[in-house]
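Taking the hints into account, I'd like the entire structure generated from these sequences.
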Amino acid sequence: MSETQTLHAAFAAKIDAVLEALEAEAVLPAGVSRSNVTVEPPRDPSHGDLATNAAMVLAKQAKTNPRALAEKIVEKLSDDPLIDAAEIAGPGFINLRLANANWLREIGTIAALKGDYGRSVRGAGRTVNVEYVSANPTGPMHMGHCRGAVVGDALAALLEYAGHTVIREYYVNDAGAQVQTLARSAHLRYREALGEDIGEIPEGFYPGDYLKPVGQKLADEFGDAYVAAPESEWLGLFREKSVAAMMDMIRADLAMLGIHHNVFASEAELQAAGKPEAAEKWLRAHDLVYDGVLEAPKGKTPEDWEPVELPLFRSTRFGDDQDRPIKKSDGNWTYFGADLAYHMQKAEKADELIDIWGADHAGTVKRIKAAVAALSEGEGKPIPFDVKLVQMVQLLRGGEPVKMSKRSGNFITIADMVEEVGKDVVRFTMLTRKPEAQMDFDFAKVVEASKDNPVFYVQYAHARIASTRRKAAAENIHPADDSLDLLGEAELALVKLAAQFPRQVEAAAQAREPHRIAFYLYDLAAAFHAFWNLGNDDPSKRIILSDKVNLTQSRLFMADQIGQVIRNGLALLGVEAVEEL
RNA sequence: GCGCCCGUAGCUCAGCUGGAUAGAGCACGAGACUUCUAAUCUUGAGGCCACAGGUUCGAAUCCUGUCGGGCGCACCA
Numbered sequence: 001m002s003e004t005q006t007l008h009a010a011f012a013a014k015i016d017a018v019l020e021a022l023e024a025e026a027v028l029p030a031g032v033s034r035s036n037v038t039v040e041p042p043r044d045p046s047h048g049d050l051a052t053n054a055a056m057v058l059a060k061q062a063k064t065n066p067r068a069l070a071e072k073i074v075e076k077l078s079d080d081p082l083i084d085a086a087e088i089a090g091p092g093f094i095n096l097r098l099a100n101a102n103w104l105r106e107i108g109t110i111a112a113l114k115g116d117y118g119r120s121v122r123g124a125g126r127t128v129n130v131e132y133v134s135a136n137p138t139g140p141m142h143m144g145h146c147r148g149a150v151v152g153d154a155l156a157a158l159l160e161y162a163g164h165t166v167i168r169e170y171y172v173n174d175a176g177a178q179v180q181t182l183a184r185s186a187h188l189r190y191r192e193a194l195g196e197d198i199g200e201i202p203e204g205f206y207p208g209d210y211l212k213p214v215g216q217k218l219a220d221e222f223g224d225a226y227v228a229a230p231e232s233e234w235l236g237l238f239r240e241k242s243v244a245a246m247m248d249m250i251r252a253d254l255a256m257l258g259i260h261h262n263v264f265a266s267e268a269e270l271q272a273a274g275k276p277e278a279a280e281k282w283l284r285a286h287d288l289v290y291d292g293v294l295e296a297p298k299g300k301t302p303e304d305w306e307p308v309e310l311p312l313f314r315s316t317r318f319g320d321d322q323d324r325p326i327k328k329s330d331g332n333w334t335y336f337g338a339d340l341a342y343h344m345q346k347a348e349k350a351d352e353l354i355d356i357w358g359a360d361h362a363g364t365v366k367r368i369k370a371a372v373a374a375l376s377e378g379e380g381k382p383i384p385f386d387v388k389l390v391q392m393v394q395l396l397r398g399g400e401p402v403k404m405s406k407r408s409g410n411f412i413t414i415a416d417m418v419e420e421v422g423k424d425v426v427r428f429t430m431l432t433r434k435p436e437a438q439m440d441f442d443f444a445k446v447v448e449a450s451k452d453n454p455v456f457y458v459q460y461a462h463a464r465i466a467s468t469r470r471k472a473a474a475e476n477i478h479p480a481d482d483s484l485d486l487l488g489e490a491e492l493a494l495v496k497l498a499a500q501f502p503r504q505v506e507a508a509a510q511a512r513e514p515h516r517i518a519f520y521l522y523d524l525a526a527a528f529h530a531f532w533n534l535g536n537d538d539p540s541k542r543i544i545l546s547d548k549v550n551l552t553q554s555r556l557f558m559a560d561q562i563g564q565v566i567r568n569g570l571a572l573l574g575v576e577a578v579e580e581l
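Numbering (UniProt numbering), first residue to last: 1 to 581.
Source of the hints: derived by calculation from the structure; they are not laboratory data.
Please read these numbers as outputs of a predicted model, since none were measured by experiment.
Backbone N, C-alpha and C fix where the C-beta goes; we use that ideal spot for every residue, glycine too.
Treat each hint with caution, since some may be false.
Have a look at the derived ranges for each label pair, beta carbon to beta carbon [stated by the list, open to error]: (1) A571 - E436: 21 to 31 Å; (2) D416 - R542: 19 to 29 Å; (3) E579 - G108: 21 to 31 Å; (4) A225 - T181: 16 to 26 Å.
Keeping only pairs whose Cα atoms sit at most 25 Å apart, straight-line, the calculated SDA-like set for lysine to any residue is [as the list claims (entries may be wrong)]: (5) K327 - D351; (6) K366 - K423; (7) K366 - V387; (8) K328 - K381; (9) K388 - D351; (10) K381 - Q345; (11) K241 - V293; (12) K388 - T364; (13) K471 - L551; (14) K60 - A13; (15) K349 - G378; (16) K434 - F519; (17) K328 - D351; (18) K496 - G108; (19) K217 - E233; (20) K369 - A511; (21) K328 - G292; (22) K217 - N173; (23) K328 - E231; (24) K496 - N100; (25) K388 - F336; (26) K541 - A526; (27) K388 - L254; (28) K76 - S33; (29) K369 - G144; (30) K366 - G176; (31) K541 - L551; (32) K114 - P91; (33) K496 - D16; (34) K14 - N173; (35) K423 - L389; (36) K327 - R317; (37) K445 - K366; (38) K496 - V447; (39) K349 - T127; (40) K241 - A193.
Take a look at the structure:
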């Protein structure tokens, strides 16, 4: 065990070694799968510090009963000096009571590892591409994008912390009809900037004021050169310029949330490089694309529906309800056709792909998963691919829904939100709910400085620790670790919870669920507040005791490490750890 | 009609990929401020985990069906 191995890692390894040994003794069959074995703190603390289900999970494979197997495991653990007691309980749990030295040592481990306490190598450097946001470059970021942006960003940070190499990617849909509309809308604003009265923005154009500066810039750059020119002369140019302007705006919006992507992948470039053609060719060669006619949609048949022959991808082979067109009848690629090629492109540089989508795209998950399965399995290296859907957020203000109208360009933007309630509130609130459940976001509630608001609660715990340190420093007492053995049960209980952080990181990363970190931090903060308040009833339990310098130094040192864990967790969520409120 | 997500305390939500007696916050009842920040804490009450079957040593968790809520169901993105 190295100096800086976390307690969690050490005991997981210990159990693993025992099982390995039992395998060598043929108590367990060779090559038995240990993936279901867990080592974790039991819910009920009276059951000890750690519990493992190893005996129950492996009993069947070992052709014995759980308790008999548990005895063999306990036998190997009982002479370990770091374990005070190993007991078999219930149906075959093994409960471990750890020597206090473990926890005192863990305080030192946190202090030594600092910002790296909780960092894991579990990901083994495997490259994961997380694609998130990918909002169309036709306007500012609005609320609909916010949750996916925050969840994707926190997930990326979490995976990185868990030992993966992470590519944060944004797919820029700069090739479809929507960006042509953008270009035409920008052309209107361009004429407006040159003094023309354009009146009401017509139906079918983007009406938002955010295009005015774009028009002005185009006017400054090109004068009146394109006012009367045919569309063919300016459409491409204006598209490029206005998309670039939109992306600048989007990047600025994302920066307000603390989000920065590594890669902005252009759909137009993807198409210019002939990637969709290459994908189609490959799929046709493997009989996964054929020319066929779609059935009329069931339930409601559109009036203008007519059967047309199109190149179809056999997504039904992979569980989709219908084969899906990759090209439109006008010869352009469908969104799906290009997206399929795009995923192939992402897979070239990653071992694993994750997409974060809004729930309104749920209907297209099957086809894209089918496509990735087809492309990667066909090439003999299946790429794990996951689409995480984030559900809708309903905006409220004092319980009343906030009205928005997309048509008039009147919607709540991310910039509005961050300005009103702050980045930390937006991020933390979005992360204190599992993404697949719908959520309400009430402007009135999230800014309340305590009640329904976990952000302040967690930050307050961190601020209290900082304030205590300042207060002690004024008395010339500073944190020190040379007499940690003065710490009692109350402190150790807190340390035990903090020691769970590395395990929480691994579990959250494996499940791809950053919200678990938020809930864990809430629990840790609650434990700290409770610890703090012990000093109200019993002054000897206060952290600062002027007449007991050694104990004070130790408590300060311990508290600092709790603060460190809170900082590490908040960093994963992209939330500031403040020194005072 | 079909697909996906959700349904856990009065309300808002967790529940660690199937574990031991299902947990927090708010609200409600009872308490703790000459303080290291009471922006906090202690304590009580509150549950047929939507419903019905199934899988097994064991289910809130997995499977099937029913009911209820949300989202989607073009060659749109």
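Right, here's what the structure says about each hint:
no. : hint                    : result
1   : A571 - E436: 21 to 31 Å : 25 Å, holds
2   : D416 - R542: 19 to 29 Å : 44 Å, violated
3   : E579 - G108: 21 to 31 Å : 24 Å, holds
4   : A225 - T181: 16 to 26 Å : 22 Å, holds
5   : K327 - D351             : 28 Å, violated
6   : K366 - K423             : 34 Å, violated
7   : K366 - V387             : 9 Å, holds
8   : K328 - K381             : 30 Å, violated
9   : K388 - D351             : 17 Å, holds
10  : K381 - Q345             : 14 Å, holds
11  : K241 - V293             : 38 Å, violated
12  : K388 - T364             : 12 Å, holds
13  : K471 - L551             : 15 Å, holds
14  : K60 - A13               : 22 Å, holds
15  : K349 - G378             : 17 Å, holds
16  : K434 - F519             : 10 Å, holds
17  : K328 - D351             : 31 Å, violated
18  : K496 - G108             : 13 Å, holds
19  : K217 - E233             : 18 Å, holds
20  : K369 - A511             : 19 Å, holds
21  : K328 - G292             : 12 Å, holds
22  : K217 - N173             : 22 Å, holds
23  : K328 - E231             : 23 Å, holds
24  : K496 - N100             : 10 Å, holds
25  : K388 - F336             : 18 Å, holds
26  : K541 - A526             : 17 Å, holds
27  : K388 - L254             : 20 Å, holds
28  : K76 - S33               : 20 Å, holds
29  : K369 - G144             : 23 Å, holds
30  : K366 - G176             : 22 Å, holds
31  : K541 - L551             : 10 Å, holds
32  : K114 - P91              : 39 Å, violated
33  : K496 - D16              : 21 Å, holds
34  : K14 - N173              : 50 Å, violated
35  : K423 - L389             : 22 Å, holds
36  : K327 - R317             : 19 Å, holds
37  : K445 - K366             : 37 Å, violated
38  : K496 - V447             : 32 Å, violated
39  : K349 - T127             : 8 Å, holds
40  : K241 - A193             : 16 Å, holds
Hints 2, 5, 6, 8, 11, 17, 32, 34, 37 and 38 from the list above are not met by this structure, while the remaining hints are.
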